[in-house]
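If you're matching positions, the sequence shown starts at 1 in UniProt numbering and goes up one per residue.
Take the hints with a grain of salt, since some may be wrong.
What the hints assert, rightly or not - Each pair of labels, with its calculated beta carbon distance range:
| hint | residue 1 | residue 2 | range |
| --- | --- | --- | --- |
| 1 | E113 | M191 | 38 to 46 Å |
| 2 | L156 | L35 | 37 to 45 Å |
| 3 | D183 | G111 | 41 to 49 Å |
| 4 | I155 | S133 | 17 to 25 Å |
| 5 | Q24 | M225 | 18 to 26 Å |
Stated by the list, open to error - Simulated pairs of lysine to any residue, SDA-like, Cα-Cα distance not exceeding 25 Å:
| hint | residue 1 | residue 2 |
| --- | --- | --- |
| 6 | K114 | R141 |
| 7 | K175 | D207 |
| 8 | K159 | T134 |
| 9 | K151 | E92 |
| 10 | K114 | H64 |
| 11 | K114 | L62 |
| 12 | K159 | R141 |
Hints listed in this document are in silico derivations from the structure and should not be mistaken for laboratory results. We put the CB at the ideal spot given by N, CA and C, even for glycine.
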Amino acid sequence: MAMTSVEDSYDGLAPFNYPAAGRQLQTYYRVFGDLKSSITPLICLHGGPGICHNYLLNHSTLTHTDSIPVIFYDQIGSGLSTRLPETASTPELWTETIFFEQLRQLVNYLGVEKQYDVLGHSWGGMLGSAFASTRPAGLRRLILANSAASKEWSILNRKQYRKQLPEEMQDILDKNEKAGTWDSEEVGMVMAEFSRRHICNVPISDDEMASIRSGEEDKTVATAM
Numbered sequence: 001m002a003m004t005s006v007e008d009s010y011d012g013l014a015p016f017n018y019p020a021a022g023r024q025l026q027t028y029y030r031v032f033g034d035l036k037s038s039i040t041p042l043i044c045l046h047g048g049p050g051i052c053h054n055y056l057l058n059h060s061t062l063t064h065t066d067s068i069p070v071i072f073y074d075q076i077g078s079g080l081s082t083r084l085p086e087t088a089s090t091p092e093l094w095t096e097t098i099f100f101e102q103l104r105q106l107v108n109y110l111g112v113e114k115q116y117d118v119l120g121h122s123w124g125g126m127l128g129s130a131f132a133s134t135r136p137a138g139l140r141r142l143i144l145a146n147s148a149a150s151k152e153w154s155i156l157n158r159k160q161y162r163k164q165l166p167e168e169m170q171d172i173l174d175k176n177e178k179a180g181t182w183d184s185e186e187v188g189m190v191m192a193e194f195s196r197r198h199i200c201n202v203p204i205s206d207d208e209m210a211s212i213r214s215g216e217e218d219k220t221v222a223t224a225m
């Protein structure tokens, strides 16, 4: 399948007004294709929470193969959208509501509110499902990719896969979980192995690595949620 270069896209910052955040926010977005065409655009919701959209950029091939306009954006608190590290002590800000409102405002800003599709991956699928349940005007289709039914089910599944790790790795996780030292080097090594086994068992692309690094730079959202 032919790849679409980022040179075939445009990006920008859309204003995001959310008074509870205490300051003006911005949403970073990147668009492939023509939003003024008659073809319904696809909005991609990335996983995490707390990483950026880059690892989903392969979906931009839809613009090349089917002329579908594709919209990517970084959820608030991640990537090139406004980050809010000062809210680490106020986790009550981080509910689905802030993400719903960000998506609504972006849809209106880009002028696609009359009709659009949503693809949600992982956490983005849970977000997309919850967003769709509000029956937003203009949402035509919801596509779920590798998404759990709920946060609770996601945690349960991870615990089950954790038990499949070698015993010494489980011991490392247990020890650091009790000590609250999840940032330790040994935990990082175990989680890298967990990822290779159960999250991504093919070589990691540059776009995927960019998303991983983005999440490591600021863990405010991931910790709060």
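Requested in this report: Could you work out which earlier hints the structure fails to respect and list their numbers in ascending sequence?
Outcome: 7, 8, 12
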